[in-house]
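Single-letter residue listing:
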Amino acid sequence: MFCSMIRIRFQGRGGQGAKTAARILGTAAFLEGFTAQDSPLYGAERRGAPVSAFVRLARGPIFERGLIAHPDLVLVADETLLAHQAARVLEGVKDETPVFINSSRPAQELKAEGACPGRFITLDVTGLALARLGKRGVLSAALGAVAARLVGLKEAGVRSAVEQELREVGLSASTIEQNLTLALECFRLVSAAPLTESVPAEAPPTPLWTPQYEAPGRGSARITAPANAPLHETGDWRTFRPVLDPEKCNGCWLCFAYCPDGAIRMDRQDKPVFDYDHCKGCLLCVEECPTHALIVERETAGPRRKETA
Amino acid sequence: MTREMMTGNLAAAWGARLAEVDYIPVFPITPQTEIVEALASWCDGGDLAARFVTLDSEHSMMTAAGAAAAAGARVFTATSSQGLLYAFEVLYTIAGWRVPLVLVNVSRALASPITLEPDHNDVLAARDSGFLQIHAETCQEVLDSVLMAYRIAEDQRVCLPVMVNLDGFYLSFTREPVTKPEPDQVRAFLPPYRPAHLGFKASAPQSLGVAVLGGASYTYFRHQMQLASLNALAAHQDAAADFARLFGRRYDLIEGYRLEDAEDVLVMSNAFATKGRAAVDQARTKGRRVGLLRLRVIRPWPADAIAAALRGRRAVAVLDQNLAPGLGGILFQEVAAVLYHEPARPKALCSFIGGLGGKDISEGEFEAIFAQTAAAGDRRRGIGPVLLYTEGEQHTMQELLAIAGNVEQPSAITPQRSGGDPDRPLSSTGS
Ligand code: SF4
Ligand code: SF4
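Note that the protein sequences, when read in sequence, are chains X and P.
Here the first sequence is numbered in the working numbering, starting from 14 and rising by one per residue.
Here the second sequence is numbered in the working numbering, starting from 280 and rising by one per residue.
Everything labelled a hint here was simulated from the structure, so no lab data went into it.
Just so it is clear, CB atoms sit at the ideal spot from N, CA and C, and this is done for glycine as well.
Take the hints with a grain of salt, since some may be wrong.
[Said to hold, decoys possible] Example chain P residues on the side facing chain X (calculated, C-beta under 10 Å, incomplete):
{"#": "1", "residue": "VAL332"}
{"#": "2", "residue": "SER336"}
{"#": "3", "residue": "SER339"}
{"#": "4", "residue": "PHE551"}
{"#": "5", "residue": "ARG556"}
{"#": "6", "residue": "PRO604"}
{"#": "7", "residue": "SER641"}
{"#": "8", "residue": "PHE645"}
Take the sequences, apply the hints, and build the full model.
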């Protein structure tokens, strides 16, 4: 538990439920009598893009708002985010900061790979979700419950919070019940983490820069670099990848037509070829393939290989 | 009274629901949409007996809102940013009709470039429209201010529309504990809307919004708006007293934080004022005697209250979360005008521009503001407008410009000079 205030940051991808996980934690703490504040941060929402959500829990009023640069606890909704440059999941993490990662791999292994700060804790939430719900993807209830456990909240509050927040999102009673079972299982599988509350750091005046006039080419918002979209490797967003089973493919081109990111090229045999540097893992192609020729494989952490299948 | 976790948007919707509004014309826009979505579901489910109407634009929406209020209905609507600007001519028009409706604006910075996060150029653009303006710092204050807004708007001394402002993202999507007043108590605070001069009555035709050619008659009615707006100062205080008695929460025209013994005062508004409080606490631990003045009611402009809070200080810094290009901060000008005739006016007035497009203001930036303000006070000469931007942000921006292909001659980084000693750079880490 904590004495004055703790700051928790959730890192996930659009569609995984980081926002709802933050709300579950906020509600659970609120029901236990704490002052809570939770807020998501996202831009133009896109499935798969890195998103964050922030929760502050305190015994008194909270005089902070917006992003959390120095978290006391971080929860990462899937391990592939660790390798994602722009997501900066470990920003502001100190050696003693607990970092929970949804991963099937041991914490030490991930930590050794990244050579990064933080006390890593792992649990295969996705694996449990697949086993218990038969579904991948939305992890909000389980992640919220794990966070609640790590900060030392009680099970009763978590139970009500999961029910309340999932009802809010419009889920059916049976789906809520399944999620609750999974959430409580995850709750029991982790133990409260020793939290070191960050004392507000002595902030020296930030070095300021005096804006200078620039020629309009640099001073107005414009893009002159041709075709730079490929530089943005949305392959980093993927938690699951589509893989072709050529035997089953009938060459109908539907996957090609439905891919929102132009990440599929058709070869001379009318079979899809995936550009995994840019396939963002939305799995629309898998949904649309009439012959079930596309299989879903789970991504694991580690530097993503440059590849085109 | 129940207390629950609520976003600023939901708090705004609850304000309208508890005010038992009759008519809600809407048009969606991020980050406001959640307000009208909540109201739509309540109207649909029978929790709120209001007529909910979707219009084709904010211009039509505001026209419908004004017309319904003139017909005697209690009206609520909400918008943001470009939407507010699209409704602009109607704002002035219906304020002149003297219709007491409430419009919630969820602040979002204006294009161009396009963005989603907040600053106050949208709401402050409407400062001369005749609408009163209340700017909220917390989700609780959003809900409470909507209720107070109806009470003030419908006061016979006022009869003007009111805009309640909350910041996009920082309040609109942020949940915090909010106490929901009981409907019975709200009814005691806010009696049913029965305007003497508006509405349809059999055999009593009236024509509103008529033309008055000739400056003297036009001036007569504009003077009435000025006097009505000033009357809102007293109407606000009466409403605040009743509100405090019924609900235990007290709102003033302005709000001070640790002002009693403050030498230097930072003036802010809206949700970032919460960060300002933390910055004041932090600066005090280092021995700076600083305080915060939060502007809550911005129209009418509470000149006397502001002068009283700022007289006798060493230095005052106004942190504007808006930018009037070619001038600087909008609220700085208004604060400066209030202090001109004060015999004990502060020795230095400083103007800072920060938080544009929701840009964070870090603890270090607040510390820079306090340091520069203190130095300006000692020097007896104000500074600004200081455009807050960090060296780190400038470096990132250079990288983004390069990716965008805009690579011709970047300027060299020149560290900003400290307010204390014009010859000593604030930091030597510029590279
Ligand atoms: S290839 Fe499939 S999974 Fe990848 S982006 Fe296209 S539709 Fe989505
Ligand atoms: S949709 Fe399926 S069957 Fe059709 S081309 Fe794509 S992989 Fe082959």
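Each hint, compared with the structure:
no. : hint   : result
1   : VAL332 : violated, 24 Å
2   : SER336 : violated, 22 Å
3   : SER339 : violated, 26 Å
4   : PHE551 : holds, 7 Å
5   : ARG556 : holds, 5 Å
6   : PRO604 : violated, 12 Å
7   : SER641 : holds, 6 Å
8   : PHE645 : holds, 8 Å
Of the numbered hints stated above, those contradicted by the structure are hints 1, 2, 3, 6, listed in ascending order.
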